[in-house]
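Chemist: Construct all of the structure, not just a fragment, from the sequences and the given hints.
Residue numbers (the numbering used here): 1 to 330.
Fair warning: there could be bad hints in the mix.
As the list claims (entries may be wrong) - Okay, derived cross-link-like pairs now, DSSO-like style, lysine-lysine, Cα gap no bigger than 27 Å in a straight line:
no. : residue 1 : residue 2
1   : 22        : 279
2   : 82        : 279
3   : 279       : 298
No lab work stands behind these hints: they were computed from the structure.
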Amino acid sequence: MTDHVRIGILGAARIAPGAVIKPARSTTAAEIVAVAARSRHRAQEFADEHGIPRVHDTYQELLEDPAVDAVYNPLPNGLHGKWTLAALAAGKHVLCEKPFTANAAEARQVADAAAASGLVVMEAFHYRYHPMALRLAEIMSSGVLGPLRHVQASVCFPLPVFSDIRYNWSLAGGALMDAGCYAVHMARLVGGGEPEVRSAHALLRDPRIDRAMTASLRFPEGHTGTVRASMWSRSLLNISIRAIGENGSVRVFNPLGPQFVHRLWLRLQDRRTSETFGKRPTYAYQLDAFTDAVLQGKPFPTTPEDAVRNMAVIDAIYTAAGLPVREPSA
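Modeler: Here you go:
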């Protein structure tokens, strides 16, 4: 291992520049050294555009590159598990895009492999590493809101391009998988414990693919929760978190892109305050946490075990809505 983490990218994904390439330019702890895509031509175009020095013909060839310490896995949902397992078998650390896998059973398989390998595997819930999310977690753990009554998390945005892979069953698509995995994770963050899914309702793109999902939860302590996710519904844009307790409430606006605009409001009795946390991107904080884990062994919250629990809630929501649990891609 060098004094920094040399990262290879699996796939020329649109998210990769913002998620790892630009953040790596602002730190000495990470370097993007290689890329592979479905075609050599596409990988070469991507490498030329972003200044990546090495291009591989296949994903497996990248995994076997001794100059790569870790991989960023932004492949479609149904391929996350397969290629994270392959990366672990090749001795590489993994930063895997959300959702971690296609379902909870596959997440369990990956988590077990990660534990056996001793390698770092992080689910890329980038919002969780931003100071606003850290502050939210601090508020919830402090107990200042008193006993909780209700929590809610919404991730709704318009994506009326139905040819997009996020609507593709064979790639483990659906609104709950893409937007809702965030909402479920946020609800678990503020709700504490692991919730039971009481009911769920989907708006459908086709008989198996949800374009929107609403779920009702109950946490072990008795408080309730609501999760909303949408890629196409009347809720065109709503990205927020809220927790209501007997002594007050906390509300967060835009936890996913706080570098653009955001705010946290805290109400305790008759006192109301609001907070902001700067413009540094969530992805920069996430890459810091990933390199700290690889180079220094520092702990982090979005672990494989956390991913198993998140995927279990997602599976339960699909079941409650009368839809099939997603499957890994062939």
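Chemist: Run every hint past the structure and note whether it holds.
Modeler: Hints, verified against the model:
no. : hint       : in the structure
1   : 22 to 279  : holds, 15 Å
2   : 82 to 279  : violated, 35 Å
3   : 279 to 298 : holds, 24 Å
Going down the numbered hints, you'll see the structure goes against just number 2.
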